[in-house]
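Work out the full structure, taking the sequences as your base and the hints as a guide.
Residue numbers (the numbering used here), protein chains in the order written: chain G, 1 to 107; chain B, 1 to 193.
The set of hints was computed from the structure by calculation and includes no laboratory data.
You may find that some hints are simply not true.
[Stated by the list, open to error] No farther apart than 25 Å at their CA atoms in a straight line, the calculated lysine-lysine pairs in the DSS-like style are these:
id, chain 1, residue 1, chain 2, residue 2
1, G, 15, B, 177
2, B, 97, B, 69
3, B, 166, G, 15
4, B, 166, B, 177
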Amino acid sequence: MNHSYDDAIEALLRKQFDGPLPDDGFSEHVMQRLPPRRRRVAWPLWAGFLVGSGTCWLSLLFSPLLQDGWRDWVDGDLSVSTITLLVAMTGMSLLAGWWSMTEADDR
Amino acid sequence: MGVADSAIEARIDHALVARVLLGDDRRAFEQLLRRHQGMVRAQLRRLLHGDEATADDLAQETFLLAWRKLDQFRGEARFSTWLYRIAYSCFLQACRKRSLRGGDMDNGEVEQLPALHHTIDLQMDVERAMRRLSAAEQMVLLHCVQLGLSHDETAYVLTMPLGTVKTHATRGKAKLKVWLAAWHQTADEERTP
Numbered sequence: 001m002n003h004s005y006d007d008a009i010e011a012l013l014r015k016q017f018d019g020p021l022p023d024d025g026f027s028e029h030v031m032q033r034l035p036p037r038r039r040r041v042a043w044p045l046w047a048g049f050l051v052g053s054g055t056c057w058l059s060l061l062f063s064p065l066l067q068d069g070w071r072d073w074v075d076g077d078l079s080v081s082t083i084t085l086l087v088a089m090t091g092m093s094l095l096a097g098w099w100s101m102t103e104a105d106d107r
Numbered sequence: 001m002g003v004a005d006s007a008i009e010a011r012i013d014h015a016l017v018a019r020v021l022l023g024d025d026r027r028a029f030e031q032l033l034r035r036h037q038g039m040v041r042a043q044l045r046r047l048l049h050g051d052e053a054t055a056d057d058l059a060q061e062t063f064l065l066a067w068r069k070l071d072q073f074r075g076e077a078r079f080s081t082w083l084y085r086i087a088y089s090c091f092l093q094a095c096r097k098r099s100l101r102g103g104d105m106d107n108g109e110v111e112q113l114p115a116l117h118h119t120i121d122l123q124m125d126v127e128r129a130m131r132r133l134s135a136a137e138q139m140v141l142l143h144c145v146q147l148g149l150s151h152d153e154t155a156y157v158l159t160m161p162l163g164t165v166k167t168h169a170t171r172g173k174a175k176l177k178v179w180l181a182a183w184h185q186t187a188d189e190e191r192t193p
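Spelled out as structure tokens, the structure:
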């Protein structure tokens with residue numbers, strides 16, 4: 001399209017637009033209806049994190065899976081314990097990655 | 001508004017947002033509100049084809065939402081663009097609720113409006129021509145040309161792919177060019193002695 005024609009159309013459209021409206025009490029009206037700000041509380045997240053970590057630690061404390069898996073991994077032996085450990089770590093990493101991406105998208 | 005002015009305005013907005021978030025400062029929010037209410041209300045009034053009462057209701061909803069969700073503003077877009085996006089989603093929600101949105105008039109016809117020749121009021125003709133565009137073309141031209149947003153910002157506000165925004169802008173202008181051709185001819189004739 002011809003640029004000068006494009007400019008002419010844009011100029012016509014801009015001319016037709018009235019621009020910003022005067023306040024006429026609008027802002028005051030909105031300010032009267034403004035609710036108190038709710039602060040985002042962080043404690044449920046941290047409580048969940050601590051409870052989850054504590055439960056994991058307790059459940060693995062008396063299980064030989066963690067020690068066996070770690071020992072076999074260091075020895076280079078791909079045992080069932082090692083594979084379980086790797087799968088669990090991969091799963092948790094993926095979950096953390098997915099959660100981070102979702103949080104980033106929301107913002 | 002120049003690039004430098006725009007950058008200064010953006011910095012002022014960011015400072016005000018920071019004051020609201022850090023100090024729960026209602027006065028800072030009031031300043032943001034006073035700075036942007038005019039354009040947000042103008043945007044909504046255009047989207048609603050002049051329905052002032054509904055536009056102001058939606059504008060109020062927009063600012064209340066902005067107040068509640070201010071911590072989600074990360075400053076990637078200008079504050080005004082962020083507000084336009086909230087206002088547009090309020091508008092869409094209202095349309096869904098009350099079927100306010102006018103019929104999509106895009107029937108592929110590109111012809112001159114029969115009554116456009118030699119009518120007295122150019123403004124009215126531009127208004128009529130705008131209403132004949134498809135809803136998407138109207139939205140894109142409103143944001144790109146009349147509200148002065150870039151194509152990227154328009155894509156952000158309308159949650160549309162950038163390519164689609166550009167296509168609608170080009171098509172919309174092409175249709176207006178044909179429909180408003182009579183005005184250009186008159187203007188050309190007036191220019192020629």
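Against the earlier hints, flag every one the structure doesn't satisfy and list their numbers going up.
none
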